[in-house]
Amino acid sequence: MTDRSSSTPASATRAGEPEIVFDDVDKSFGDVIALQGVSFTAHRGETICLLGPSGCGKSTCLMLAAGFEEPSGGEVRIGGHRVGRPGPDRSVVFQTASLLPWATVYKNITLGPRSRHEKGYEDRARALLELMGLTDFRNSYPYQLSGGMKQRASIARALIGSPEALLMDEPFGALDAQTRLSMQELLQSVSQKLRPTVLFITHDVEEAIFLGDRVLVMSSRPGRVIDDFSVGLPRPRDYEMLATPEFVNLKRRALHMLRGEPHAAV
Amino acid sequence: METRTVAAEQKTTRPALRRSRRNGRLRRFGRRAIGIVVIAALWCGLTYGGVVAPNYLPSPSALWSHFLSLASNGYHGVPLYDHIAASLRRTLIGYLIALLAGVPVGLVMGYYSAMSDVLAPVFSFLRPIPPISFIPLAVLYLGIGETSKIVIIFVAAFLFVVLNTETGVRSVPQDLLRVGQNLGLSRAQLFRHVILPGALPSILTGARVALSISWALVVAAELLAAQSGLGYMIVTAGNFFDLPTVYVGIILIGILGVLMDSVVLIVQRRMLHWQGK
Numbered sequence: 001m002t003d004r005s006s007s008t009p010a011s012a013t014r015a016g017e018p019e020i021v022f023d024d025v026d027k028s029f030g031d032v033i034a035l036q037g038v039s040f041t042a043h044r045g046e047t048i049c050l051l052g053p054s055g056c057g058k059s060t061c062l063m064l065a066a067g068f069e070e071p072s073g074g075e076v077r078i079g080g081h082r083v084g085r086p087g088p089d090r091s092v093v094f095q096t097a098s099l100l101p102w103a104t105v106y107k108n109i110t111l112g113p114r115s116r117h118e119k120g121y122e123d124r125a126r127a128l129l130e131l132m133g134l135t136d137f138r139n140s141y142p143y144q145l146s147g148g149m150k151q152r153a154s155i156a157r158a159l160i161g162s163p164e165a166l167l168m169d170e171p172f173g174a175l176d177a178q179t180r181l182s183m184q185e186l187l188q189s190v191s192q193k194l195r196p197t198v199l200f201i202t203h204d205v206e207e208a209i210f211l212g213d214r215v216l217v218m219s220s221r222p223g224r225v226i227d228d229f230s231v232g233l234p235r236p237r238d239y240e241m242l243a244t245p246e247f248v249n250l251k252r253r254a255l256h257m258l259r260g261e262p263h264a265a266v
Numbered sequence: 267m268e269t270r271t272v273a274a275e276q277k278t279t280r281p282a283l284r285r286s287r288r289n290g291r292l293r294r295f296g297r298r299a300i301g302i303v304v305i306a307a308l309w310c311g312l313t314y315g316g317v318v319a320p321n322y323l324p325s326p327s328a329l330w331s332h333f334l335s336l337a338s339n340g341y342h343g344v345p346l347y348d349h350i351a352a353s354l355r356r357t358l359i360g361y362l363i364a365l366l367a368g369v370p371v372g373l374v375m376g377y378y379s380a381m382s383d384v385l386a387p388v389f390s391f392l393r394p395i396p397p398i399s400f401i402p403l404a405v406l407y408l409g410i411g412e413t414s415k416i417v418i419i420f421v422a423a424f425l426f427v428v429l430n431t432e433t434g435v436r437s438v439p440q441d442l443l444r445v446g447q448n449l450g451l452s453r454a455q456l457f458r459h460v461i462l463p464g465a466l467p468s469i470l471t472g473a474r475v476a477l478s479i480s481w482a483l484v485v486a487a488e489l490l491a492a493q494s495g496l497g498y499m500i501v502t503a504g505n506f507f508d509l510p511t512v513y514v515g516i517i518l519i520g521i522l523g524v525l526m527d528s529v530v531l532i533v534q535r536r537m538l539h540w541q542g543k
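Chains A and B are the protein sequences, given in the same order.
Read in order, the letters of the first sequence are residues 1 to 266 in the working numbering.
Read in order, the letters of the second sequence are residues 267 to 543 in the working numbering.
Don't take every hint at face value.
[What the hints assert, rightly or not] Example chain A residues on the side facing chain B (calculated, C-beta under 10 Å, incomplete): (1) Arg90; (2) Phe94; (3) Trp102; (4) Arg157; (5) Ala158; (6) Gly161.
Hints are computed from structural coordinates only; laboratory data are not their basis.
Computed from a predicted structure; not experimentally measured.
Don't be surprised by glycine CBs; every beta carbon is placed ideally from N, CA and C.
Put together the whole structure using the sequences plus the hints.
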C-alpha cells in the first residue's frame, strides 16, 4: 500500500502517483506523544481531509509535511523525497491569513517568485488574482481587506509557486459561516482547475466531507488515524448534497468515530 | 434594488458625516488647546495683574521683546542661533550615530539569541544608570569639548535603540516567519522582507524615545560643561539672575523638542500606515 520506494522522484509527479506519504510517523514533544504510527498516502491531485478534535495532532501532521517540525519516528515523503526544510514545493495556508501587513496584496502574492528572481510570474499572478476575485484589490493592503479576502490572497500566494502539495491548516476556521461556505466552494473549483494535492486540516465534519476525496479521522492523545474513507460524491459538489443520504451516512460515520463509538456499518 | 437604496442612503448621509467629522476634529483641537490656554491665562494673570514682580516672572510681552533682543544681539557675544545650533548639532550627531549603531546591534541580538545572551546583561546594567552620572567621567577622559557630550548622548540613545530593536525582532509573529521560510526566502531575504519591516514599529518607537532622551541630555550636559548651547545659556543666565533669558532658553528647548518629536512622528505615520488596523 504505502510507497516504500523513495528512489522514484521524477515519476512521482504523474497523476495518481503517491504524492504525500506518511510512513509510520511518530511525533512527541517532550513527554507528550502527539502522533503515533500515522500512515497514509495522498495521491496526486487528491484532496485529503484530516478530521479530528482540537489537540489531536492534526496540525502537527501538517507542520511535519511542511518541514517546520521533524518526525520523532518514521518518515514523511512528498513527491518521493523525504521532507527536509520548508520550501515552496509544499505551500502552507495558515489558519490566519498571515499576510505581510506592510505589503500590498500583489506584493504578498508574488513574494515567493520575486525572491527566487523568477521571470514571467506576472501572468500567473494576474490569473490567480482573477481566480480569487482579487483583481480590484491587487494594490490594497491587508488591513483594507475582509477576512475572506485575506484568506483568498493567502491561498493565491500558496498557489503561485505551483506547489506539489497544498497544506491547509484549518484555513476557514476563523471566518464567519457565510464566508466559510463560499470559500469552500471556491477551493473546490480551484482544485478542480489546478489539481494540486491538498492536505486539509479541519475539525468540521461537514467541511471535511464536502471538500475531501478522502477523509481521515484522527483520535486525540496520542493522535492516530482511526478511520479512512473515500467520499464517493460526484463533483462539483454543492450544498444541496448536505441533505442527501450518502452525505448524511458519511457524516454519521465520522461523528461516531469522533465520539469513539463503533459506527453502524451502512 | 437593495444596493441602490444603500447607495442613496450613503449619498444623503455623506455631507452630514463630513460635518460631524469636521466637528469632531474641531472638538479634538479644542481639547488639546485647553492645557496651553490655561497656563497662558495664568501667566498673563500673574504678570499683568502685578501678582509677581517682573524680574521674577516676565510677562509674555516682556519675554517676547527679550527674545527679540537675544535673537538680534546674541547672548554673551554669541548669536542665539549659534547656541541653538550647538545644542542641536551635539544632539543629532550623538543620536544619529546611536541609531546607525544601535539598530544593527539590536537586530543581531534579536535574531541570534546567543548574542543577546552575551550583550543583554551589560546593557541591562547600564540602562538604569542616569546618563548624567557619566558626565564627570566623560569630562575627565574626553575633556570638555564636543566629544564628551556627543559620547554621553550616544550611550544613552544607543541603549534605548538597541532594546527596542531587539524587542521588535522578537515580536515578529512566528506565522510570518514560517510563511517566509515556506516561500523559500533566503536568510537575507527573510530579514529584508519580514523581520526588518516587522520590527520597524518597535524600532521607531525606540528612535522616538531616544531622541527625547538625547535632547534632554544635551541640556544637562551643557549645564555642567560647555561654552555654548542652550543649556550653557540657561545656567549662566541663572547665575546672573537673568530670569528672562532662562525662560527664553527653556521655552526654546521645549519648542525644539516638540518639533523634533513631530518629525519622528511624521516618519512613523508614513512608514507604519498599516499598523494597528
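Self-check item: Interface restraint verdict for Phe94/A against chain B (beta-carbon cut-off 10 Å)
Solution: holds, 5 Å
Quiz item: Can we keep the Ala158/A interface hint, with Cβ of chain B closer than 10 Å?
Solution: holds, 8 Å
Quiz item: With 10 Å as the cut and Cβ atoms as the points, is Trp102/A at the interface with chain B?
Solution: Where the cut-off is 10 Å and the nearest Cβ of chain B is about 5 Å from Trp102/A, the hint holds.
Quiz item: Holds or violated: is there a CB of chain B closer than 10 Å to the CB of Arg90/A?
Solution: Result: holds, 7 Å to nearest chain B Cβ.
Quiz item: How about Arg157/A: closest beta carbon in chain B under 10 Å, or not?
Solution: holds, 8 Å
Quiz item: Going by Cβ atoms only, is Gly161/A closer than 10 Å to chain B?
Solution: Result: holds, 7 Å to nearest chain B Cβ.
Comparing the model with each earlier hint shows no violations; every hint is respected.
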